[in-house]
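2 protein chains.
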Amino acid sequence: MHHASFMQAALDQARTGGAEGGVPISCVLVKNGRVVGAGHNRRVQNDSAILHGEMDALEATGRRPGAWYKDVILYTTLSPCAMCTGAILLYGVPHVVIGENASFMGEEAHLKSRGVTVEVLNDPECKALMACFIRDNAALWYEDIGAEPC
Amino acid sequence: MHHASFMQAALDQARTGGAEGGVPISCVLVKNGRVVGAGHNRRVQNDSAILHGEMDALEATGRRPGAWYKDVILYTTLSPCAMCTGAILLYGVPHVVIGENASFMGEEAHLKSRGVTVEVLNDPECKALMACFIRDNAALWYEDIGAEPC
Numbered sequence: 001m002h003h004a005s006f007m008q009a010a011l012d013q014a015r016t017g018g019a020e021g022g023v024p025i026s027c028v029l030v031k032n033g034r035v036v037g038a039g040h041n042r043r044v045q046n047d048s049a050i051l052h053g054e055m056d057a058l059e060a061t062g063r064r065p066g067a068w069y070k071d072v073i074l075y076t077t078l079s080p081c082a083m084c085t086g087a088i089l090l091y092g093v094p095h096v097v098i099g100e101n102a103s104f105m106g107e108e109a110h111l112k113s114r115g116v117t118v119e120v121l122n123d124p125e126c127k128a129l130m131a132c133f134i135r136d137n138a139a140l141w142y143e144d145i146g147a148e149p150c
Numbered sequence: 001m002h003h004a005s006f007m008q009a010a011l012d013q014a015r016t017g018g019a020e021g022g023v024p025i026s027c028v029l030v031k032n033g034r035v036v037g038a039g040h041n042r043r044v045q046n047d048s049a050i051l052h053g054e055m056d057a058l059e060a061t062g063r064r065p066g067a068w069y070k071d072v073i074l075y076t077t078l079s080p081c082a083m084c085t086g087a088i089l090l091y092g093v094p095h096v097v098i099g100e101n102a103s104f105m106g107e108e109a110h111l112k113s114r115g116v117t118v119e120v121l122n123d124p125e126c127k128a129l130m131a132c133f134i135r136d137n138a139a140l141w142y143e144d145i146g147a148e149p150c
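Keeping their order, the protein sequence lines are chains L and D.
Under the numbering used here, think of the first position of the first sequence as 1, with each following residue one higher.
Under the numbering used here, think of the first position of the second sequence as 1, with each following residue one higher.
Derived from the structure by calculation, the hints contain no laboratory data.
One should not assume that every hint holds.
One copy or two, it doesn't matter: identical chains are merged, so the pair holds either way.
[Said to hold, decoys possible] Keeping only pairs whose Cα atoms sit at most 20 Å apart, straight-line, the calculated SDA-like set for lysine to any residue is: (1) 112 to 92; (2) 127 to 104; (3) 70 to 48; (4) 127 to 4.
Work out the full structure: start from the sequences and follow the hints.
Set out below in structure tokens:
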């Protein structure tokens, strides 16, 4: 499988999250060419302040020794925020593939400065999903990124 | 109340976590001179890869609009790792008080570079708690910080 297939798996999860009434952002973790973890933002569903897509995927994947993460590729539909970036750095995930960063530019420069390989697919489906969500759910979106609506 | 009292509240929580068999690190959030949230590391208790002390405190405090965090002081018994640092930056917590950084030096420089006020109390009780824990639980400790035992 290639980047596009794994991003499609993340997109499917993101749409599931959206259908649940949540923030439609998702993440899959891939190791040795297989999906080993997946999650989506659960701010609404779990009334959570910390379960962004990447965090939910890391949590769903369970407790692992540090070495386990060192050949994981993390796919996320949206550029990772400061918190998710920090989690990626904590566990030393070496490679992050991002659906898009037009809706939100996360901490890609910080990831790169710490040696993480960052690829941005600029995926039109990821962009359309977020654009639609932000248009219709501005307050929820700003809460999710710790910001205030204009 | 002053720094010492809030750090004592965090230490009490950390000891609770230790007594539960967990990693003895804890955090309290203070707003307008009152504790508004508290948590402790739940890696063992909840089989969690993401519930460090700071994350648990943010989660326990619930969903809040971004503006809510902008006058919070976060007290943590140990220097915050990359993940917890990222969560602090995501929500714009402006002030972090750290019990100690001798056992583990977290991302204090990164916090400061983003304008966060960082104070380190160099507290002997915090240091003793972690030194004892790390001595007796090396594998668990290294797992918690995404590292490998030597």
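- prompt: So which of the earlier hints does this model not fit?
  reply: none
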